[in-house]
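Start from the sequences, fold in the hints, and give me the full structure.
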Amino acid sequence: MNSMSIHIRREFWEHRSLWIAPAVWVSIITLLFAWLIFAVLPNELTNDVNVMGPDSHTMSQLDEKDRHEVESAIANANQETHKHHGMDDEDRDTFISFSPLAITGLVTAFMCVVVFFYLIDCLYAERRDRSILFWKSLPISDAQVVLSKLAVAMVVVPLGVILVAGVVQLLIAGMVWLRFHGTVLGAHIPDWSLVTWFKSLVVSLVLGLGGVLWYAPIAGYLLLASSWARRNVFLWAVLPPVALIALEGFFFHTMNVLRFVGWRFTGYTQLLHLDPSVLSVGTRTGKDDLPHITDVLAQLDMSGMFLNLEVWIGLAATAAMVFAAIRLRRYRDES
Amino acid sequence: MTAIIEARGLTKHYGDTPVLRGVDFNVAPGRIVGLIGPNGAGKTTAIKAILGLTSFDGELKVLGLDPRTQRNALMKEVCFIADVAVLPRWITVKQAVDFTAGVHPRFDRKRAEEFLAKTDIKMHKKVRQLSKGMVTQLHLALILAIDAKLLVLDEPTLGLDLLFRRAFYDNLLNDYFNKERTILVTTHQVEEIENILTDVLFIQRGKIALDAQMETLGERFVQLVPSAGNAERARSLKPFYQREVFGRVAMLFDGVKDSELASLGETRAPSVADLFVALMGRSDADDKVASPAKEAA
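So the protein lines, in turn, are chains A and B. Quick note: the first sequence uses numbering that gives the first Met the number 0, first residue 0, plus one each step. Quick note: the second sequence uses numbering that gives the first Met the number 0, first residue 0, plus one each step.
Source of the hints: derived by calculation from the structure; they are not laboratory data. Quick caveat, the model's predicted, so the values are computed rather than measured.
With a straight-line Cα cutoff of 20 Å, these simulated SDA-like cross-link-like pairs (lysine to any residue) come out:
no., chain 1, residue 1, chain 2, residue 2
1, B, K93, A, F11
2, B, K131, A, R127
3, B, K125, A, H6
4, B, K121, A, W12
5, B, K148, B, R180
6, B, K93, A, E13
7, B, K124, A, R15
8, B, K124, A, E10
9, B, K93, A, L137
10, B, K125, A, A124
11, B, K125, A, S16
12, B, K60, A, L137
13, B, K125, A, I5
14, B, K75, A, S2
15, A, K198, A, L158
16, B, K109, B, Y175
17, B, K75, B, G29
18, B, K148, A, L137
19, B, K125, A, W18
20, B, K60, A, R329
21, B, K125, A, W12
22, B, K124, A, S130
23, B, K75, A, S130
24, B, K125, A, W134
25, B, K75, A, M3
26, B, K125, A, R127
27, B, K124, A, R8
28, B, K93, A, W12
29, B, K109, A, I5
30, B, K75, A, R329
31, B, K60, A, Y330
32, B, K125, A, F11
33, B, K148, B, Y175
34, B, K206, B, T10
35, B, K75, A, L137
Now the stretches of chain B that chain A is said to cover, found in silico as 3 or more residues with beta-carbon under 8 Å:
no., segment
36, 51 to 57
37, 88 to 99
Here a beta-carbon is modelled for each residue, glycine too, at the ideal position from N, C-alpha and C.
Here you go:
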């Protein structure tokens with residue numbers, strides 16, 4: 000029956016870039032990691048630890064002087080290996096502390112571009128090919144149609160990103176385990192942990208929810224542009240803010256619009272009371288169960304989102320723009 | 000019996016240009032009504048008003064609902080085919096069936112699949128891979144499977160060859176139409192549908208030029224080809240249209256009895272196409288040709 004799911008399926012039938020593009024992108028990410036892990040990293044780093052020296056039983060049979068000599072030789076050998084291949088401690092720590100959030104970030108950044116093009120096209124395409132008359136021959140309200148498109152951009156895709164990123168994290172963790180388990184480097188890599196993985200999903204969900212709330216006005220604006228434009232929808236989406244910025248600069252020599260737009264794009268992590276540095280990659284070291292995640296979880300404060308007036312003004316603006324898009328679709332004569 | 004469509008003073012302007020100028024008409028249930036007029040006469044605008052696709056002034060009730068404010072409820076009872084180009088080219092046949100089944104409470108999926116099974120259309124094909132005739136068949140399959148009270152067709156066979164056009168209307172009559180259903184159709188190919196129509200509405204320059212039931216046309220309109228020497232007597236009876244063919248004059252009369260004219264030459268009932276040419280060719284479309292037939296509608 001008239002359920003939202005069939006409308007959402009319809010969006011994925013029509014806008015195949017919504018699933019083909021991310022499928023290609025995560026394949027590239029996964030293959031790049033596989034190539035990095037299996038082909039680029041030097042073999043010496045992945046030698047079995049036993050190759051680098053005798054096992055503990057053998058060591059225990061040595062006298063103290065000999066044991067010191069052997070341990071010292073192993074340490075030197077490890078150091079030489081690292082120097083030889085240009086991978087210093089900092090690089091290694093960067094690698095091993097690569098946060099699962101970075102993978103989510105890579106997928107999210109890519110999908111922001113995909114969703115931008117989806118939103119400007121979704122209400123425009125049906126008028127371009129006149130299929131709007133077919134959709135309007137069915138008992139579907141304009142609100143259902145427009146809201147289903149908003150739901151794809153603001154709910155389905157973000158959830159999909161988190162899910163897909165979670166799977167990619169698992170794949171990469173599996174590859175890392177296969178390659179480094181029981182090796183010299185493996186001894187420095189934190190063991191994969193279900194708890195850490197789950198924590199990263201929770202962080203992604205919370206950050207995703209914050210992002211959806213904060214960026215909703217941009218989605219509403221793009222939907223409105225898609226509903227409004229009779230042609231050149233990309234220009235209709237991009238030119239008005241650019242023109243406003245330029246006109247303000249030219250006539251008033253101020254940059255309020257630029258600041259406003261810039262804040263809408265960049266300001267949301269501050270509203271979560273989150274120090275942006277904890278999201279950066281490779282700033283932590285050591286085998287301490289990916290401390291980023293714990294730090295992020297500890298810092299996350301959604302009340303910052305919900306108590307912020309700008310968020311609510313943004314949501315009200317979103318509602319107004321989505322309402323305008325619905326009215327435009329309903330009442331514009333498609334002759 | 001309650002009318003399916005009731006229009007009173009239906010008016011629409013595009014800028015300063017009037018497209019519909021106070022149109023009045025009724026469509027009764029169980030009828031097949033041809034809305035016929037030249038390009039720019041206001042046919043499509045009237046249909047868009049009926050479907051709630053455009054704003055208008057005046058009163059219009061479709062199935063007792065106002066298309067401006069109750070469109071969503073209305074579309075559960077009404078189907079329409081705007082023309083063959085509107086099925087999205089990216090959709091597959093199966094997706095089109097799935098979607099319609101998903102959103103339309105009166106869609107009978109089995110019926111659509113049975114209809115499609117009789118054609119060469121494959122379920123996995125995209126619309127862009129189908130011929131124009133096949134796209135129409137697909138659209139028709141979707142429409143025929145919907146248990147709607149009113150079907151609106153706006154030039155549904157535009158661009159199709161004769162075989163597809165004939166098959167389209169045959170399917171419509173055999174698989175869709177019954178006494179509880181009403182069809183409103185616009186077309187340029189008047190001669191192809193006049194045999195299936197029960198009513199005609201001629202529209203010209205935004206006004207109804209003729210509103211009549213098909214069975215009354217023969218009683219009301221007579222075509223006379225007067226025999227030699229009778230032309231002047233025939234003209235004195237005030238034909239509303241005359242034309243010369245191969246040296247003989249054919250005259251059309253409105254409201255003059257066949258028995259009165261039979262002594263003057265050959266008489267016959269004019270076809271809808273003859274009437275269309277006669278009525279649409281006149282400059283005074285505001286003539287009250289429509290009025291005597293109102294009671295028949």
